[in-house]
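Chains as they are written, first to last, in this note's numbering: chain A, 1 to 498; chain B, 1 to 498.
Since the hints were derived computationally from the structure, they do not count as laboratory data.
There may be inaccurate statements among the hints.
Heads up, the list lumps identical chains together, so a pair's fine if it works in one copy or across two of them.
Here are the simulated BS3-like pairs of lysine-lysine, each with C-alpha atoms no more than 30 angstroms apart in a straight line [to be verified]:
hint : residue 1 : residue 2
1    : K93       : K495
2    : K86       : K480
3    : K358      : K86
4    : K49       : K364
5    : K99       : K120
6    : K196      : K427
Source: prediction; values computed, not measured.
There are 2 protein chains.
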Amino acid sequence: MDSLVEQMNTFFEPKAVAIIGASRRSMKAGHVIFKNFVINKQRNLFKAKLYPVNPGEKTIQGFPCYASILDIKDEVDLAVIVVPAKFVPDVMKEVAQKKVKAAAIITSGFSEVGNHELEKEVTEIAKKAGIRVLGPNCLGVYDSKTGVDMLFLPETKTLTTGDEVVATPRPMAGPIAIVTQSGAFGAAALDYLAGKQMGVSKFVSFGNKADVTASEMLEYLLHDSKTQVILFYSESIDNGREFMKVARKVTCKKPVVALKVGRSEAGARAAASHTGSIAGSDKIYDSAFKQVGVLRAADLEEFFDMGKALAFQPPVAGNTVAIITDAGGPGIMAVDECVNQGLNVKRFSAETIAKFEKLKSEGKIPRFATNYNPVDLTGSVTSEMFEEGIRILFEDTEIDGIIVLGLHHLPALQEDFVDRVAELRKKYNKSVVACDVGETEMALHIRSRFDKFGIPSYFSPEDAARGMAALVKYGMYLKKCGQFDAYVASFMKRKNML
Amino acid sequence: MDSLVEQMNTFFEPKAVAIIGASRRSMKAGHVIFKNFVINKQRNLFKAKLYPVNPGEKTIQGFPCYASILDIKDEVDLAVIVVPAKFVPDVMKEVAQKKVKAAAIITSGFSEVGNHELEKEVTEIAKKAGIRVLGPNCLGVYDSKTGVDMLFLPETKTLTTGDEVVATPRPMAGPIAIVTQSGAFGAAALDYLAGKQMGVSKFVSFGNKADVTASEMLEYLLHDSKTQVILFYSESIDNGREFMKVARKVTCKKPVVALKVGRSEAGARAAASHTGSIAGSDKIYDSAFKQVGVLRAADLEEFFDMGKALAFQPPVAGNTVAIITDAGGPGIMAVDECVNQGLNVKRFSAETIAKFEKLKSEGKIPRFATNYNPVDLTGSVTSEMFEEGIRILFEDTEIDGIIVLGLHHLPALQEDFVDRVAELRKKYNKSVVACDVGETEMALHIRSRFDKFGIPSYFSPEDAARGMAALVKYGMYLKKCGQFDAYVASFMKRKNML
Numbered sequence: 001m002d003s004l005v006e007q008m009n010t011f012f013e014p015k016a017v018a019i020i021g022a023s024r025r026s027m028k029a030g031h032v033i034f035k036n037f038v039i040n041k042q043r044n045l046f047k048a049k050l051y052p053v054n055p056g057e058k059t060i061q062g063f064p065c066y067a068s069i070l071d072i073k074d075e076v077d078l079a080v081i082v083v084p085a086k087f088v089p090d091v092m093k094e095v096a097q098k099k100v101k102a103a104a105i106i107t108s109g110f111s112e113v114g115n116h117e118l119e120k121e122v123t124e125i126a127k128k129a130g131i132r133v134l135g136p137n138c139l140g141v142y143d144s145k146t147g148v149d150m151l152f153l154p155e156t157k158t159l160t161t162g163d164e165v166v167a168t169p170r171p172m173a174g175p176i177a178i179v180t181q182s183g184a185f186g187a188a189a190l191d192y193l194a195g196k197q198m199g200v201s202k203f204v205s206f207g208n209k210a211d212v213t214a215s216e217m218l219e220y221l222l223h224d225s226k227t228q229v230i231l232f233y234s235e236s237i238d239n240g241r242e243f244m245k246v247a248r249k250v251t252c253k254k255p256v257v258a259l260k261v262g263r264s265e266a267g268a269r270a271a272a273s274h275t276g277s278i279a280g281s282d283k284i285y286d287s288a289f290k291q292v293g294v295l296r297a298a299d300l301e302e303f304f305d306m307g308k309a310l311a312f313q314p315p316v317a318g319n320t321v322a323i324i325t326d327a328g329g330p331g332i333m334a335v336d337e338c339v340n341q342g343l344n345v346k347r348f349s350a351e352t353i354a355k356f357e358k359l360k361s362e363g364k365i366p367r368f369a370t371n372y373n374p375v376d377l378t379g380s381v382t383s384e385m386f387e388e389g390i391r392i393l394f395e396d397t398e399i400d401g402i403i404v405l406g407l408h409h410l411p412a413l414q415e416d417f418v419d420r421v422a423e424l425r426k427k428y429n430k431s432v433v434a435c436d437v438g439e440t441e442m443a444l445h446i447r448s449r450f451d452k453f454g455i456p457s458y459f460s461p462e463d464a465a466r467g468m469a470a471l472v473k474y475g476m477y478l479k480k481c482g483q484f485d486a487y488v489a490s491f492m493k494r495k496n497m498l
Numbered sequence: 001m002d003s004l005v006e007q008m009n010t011f012f013e014p015k016a017v018a019i020i021g022a023s024r025r026s027m028k029a030g031h032v033i034f035k036n037f038v039i040n041k042q043r044n045l046f047k048a049k050l051y052p053v054n055p056g057e058k059t060i061q062g063f064p065c066y067a068s069i070l071d072i073k074d075e076v077d078l079a080v081i082v083v084p085a086k087f088v089p090d091v092m093k094e095v096a097q098k099k100v101k102a103a104a105i106i107t108s109g110f111s112e113v114g115n116h117e118l119e120k121e122v123t124e125i126a127k128k129a130g131i132r133v134l135g136p137n138c139l140g141v142y143d144s145k146t147g148v149d150m151l152f153l154p155e156t157k158t159l160t161t162g163d164e165v166v167a168t169p170r171p172m173a174g175p176i177a178i179v180t181q182s183g184a185f186g187a188a189a190l191d192y193l194a195g196k197q198m199g200v201s202k203f204v205s206f207g208n209k210a211d212v213t214a215s216e217m218l219e220y221l222l223h224d225s226k227t228q229v230i231l232f233y234s235e236s237i238d239n240g241r242e243f244m245k246v247a248r249k250v251t252c253k254k255p256v257v258a259l260k261v262g263r264s265e266a267g268a269r270a271a272a273s274h275t276g277s278i279a280g281s282d283k284i285y286d287s288a289f290k291q292v293g294v295l296r297a298a299d300l301e302e303f304f305d306m307g308k309a310l311a312f313q314p315p316v317a318g319n320t321v322a323i324i325t326d327a328g329g330p331g332i333m334a335v336d337e338c339v340n341q342g343l344n345v346k347r348f349s350a351e352t353i354a355k356f357e358k359l360k361s362e363g364k365i366p367r368f369a370t371n372y373n374p375v376d377l378t379g380s381v382t383s384e385m386f387e388e389g390i391r392i393l394f395e396d397t398e399i400d401g402i403i404v405l406g407l408h409h410l411p412a413l414q415e416d417f418v419d420r421v422a423e424l425r426k427k428y429n430k431s432v433v434a435c436d437v438g439e440t441e442m443a444l445h446i447r448s449r450f451d452k453f454g455i456p457s458y459f460s461p462e463d464a465a466r467g468m469a470a471l472v473k474y475g476m477y478l479k480k481c482g483q484f485d486a487y488v489a490s491f492m493k494r495k496n497m498l
């Protein structure tokens, strides 16, 4: 029997894939999925063999079509099943006969709608044959590197105006893996990350998890060199003990951010009718996640905000943060949220305050700048002031992380303050997150410039504080399990920051 | 003595404005401000008289320049003061001699940096002469209708590449007024609202509030027919009793959303060093706001989200909400946040459930759609299903408000579902908020389409729930003060929804 990693790997790096239910009809899921693979083959991204299976067709997209998977002469290791639910047992029998290693059942209409018997029948056929099953009722897998793309959601849609627009983008390659129970949520996450130009390594939607569990996927991703941060969306976790064991292993090496929904009773009821699973008490999840180092997000936005911070910057060794700003009000907002997140925004040391006073006396920052934490460079701010001010914070060993609020509106501030902050960031081993507020050109430009330098940027001071809190919380956990230095070293190596 | 409304009106609708400290030098605040007025005169937006005052110049931007305000022969009712702090007392003496009615002191360097004496000196000169003073240390006023624009933050900036980009936009005319203690925050708010294409009636940044207070501005805005929703950013409120009296009057007619920062001790300390004011206990603010019907936002994003809901939709008569979705996971997120906000997401009535069952038996919605609340139309959703489903919710008199989660990714869903929901919304007097998750073309298109129909759209299910919660909370308050029907009637009349 293959190891877990080998088993799961078949879903992401198959040698030969059969799409059972491939179709010529453009509105069919089996059409979209087969076309994804064909396009990725043309792009030379998907390099494995590809076989459409459909008894009603001779060819699809120029590929000879097989009536049954058994008609394919060569070996097939992965089957993607997109036929109506009632046909799945018979299809699975043939898949078993073909000695396929893994099957993704995209089809819905199983336990999520009360058809427990049908799901059990299918699972048992697979189990006897040693086939690992993803789904049913799922979106399956998207892998930015191998070109496996089972998403039946078309990449573009045509509006009534006739315009074709991006509808479900596939993000570029990057460090974030998405593991999701809900397919629709997964699609939305891809859309969000692509739009924010954040890269994805692997995406897996496991739906009813009749066989492959979230825990197995997490364990697999622990061993996946392309994945650095795991975003995990869940409505219910079935085998809590197993999950905790695996999560503990994973979180010492890679951060796992969880969005576990169904917090409220009404929400849990809704979750139960969504995937047919019972959600369990929210407090139990909360304390279990804490125990095993899974970082829990309060809502959708925080989920992405935390993921972004952890993908861009190394975790932080302590909970003392400094805030430097050119706008008093947003500075206070950041303080409030830092305190809410348990971070320490303490007054700077006498030495650091003296350094700021020196800058003032030399006329390098405004005489009336405040320097107790936050540092408020005031509306007279220039790029040079940001550079001089933040250098002092980098030098202060009591400060673990820095939040930069660079509101671009002030007249004398030029966009090169971003470059200056990034340049200094390179010299010092201290994590930075940034914020600029606004939705017009300059704000988007400043935020994207920070992002390009690897400093995660946020649209609100509170979001930036939440990003920093993720770095602090993960850092504290890594220290607890004695992995902080090893993680940071590998992170820095990866980012070529050393 | 003029009434309060007349006094405040001089800041927004002056007959003749002197810009004292107008400058030819492009980096000077006095240049940017004077140029704002000149441009708005050219656009025929600013129709009052305009006088630059600067002893060092003969003309500025083609306007004859005066050495002193006393050299202007005609009457001047508003002075905008942008000279260095130490010159302000002498300038104010001349302003008093000229019998100006109102003065906005943009200049900083007063009590916010410990110069209490200087601020007192200036305020007393003004007081004796019966001049109302805005500021000092503020951005002053922006009025989208009269073209008064004291913002010294240039509308565009030039990047190092030579590209000119929008930096501090002035939003189009609209129903939202911004009252802010922090100027930088105010600029960021303008940037956000302009970028989201939300209109602003009036903007006022009052800085150190040496004379004109937040309470006076709120009372003025109560009488301003252009303003329908007030967004109020505050770090401290000095005369609590007065504020509560005024707020009580205002909130029975217009919603006031407050972002009161300095919640934490560290935040309050930062606030104190920002505008020199003491923030007071956060719990006191919380309970005072609740008493007088001011809706408090938890953070920057919620502040805007609440304002958007209240500007777009009428408040809601009860706290029972229905959620209709095409994506299970996001539906659960919305439920969780609704419950967190105190809304009631109860199981639908037997009658409503029967209606959904009938739709199922007729094949108009999927057989496996769940219909207990949320209604989950599943991945097979079409525009027709949204229309049929939401019609039932509109008809159910137990339901006070509706949250529509229309994730566009699903293959058979066309963008006209937005039009169908909006069309039904017109027929029924029930508030709706919407959400589509994603950051690429189609998501932006769907959200902006909802907005155009007057249905506020949000990027996350939780944000949508918070928008709905604002409508519920304000509705409950209006009921308490017996103004619900009157408010809704005037809202509907305004929106031509009747």
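Verification of the hints:
no. : hint         : in the structure
1   : K93 to K495  : neither (47 angstroms within a copy, 61 angstroms between copies)
2   : K86 to K480  : neither (51 angstroms within a copy, 56 angstroms between copies)
3   : K358 to K86  : between (78 angstroms within a copy, 24 angstroms between copies)
4   : K49 to K364  : neither (64 angstroms within a copy, 40 angstroms between copies)
5   : K99 to K120  : within (20 angstroms within a copy, 88 angstroms between copies)
6   : K196 to K427 : within (27 angstroms within a copy, 38 angstroms between copies)
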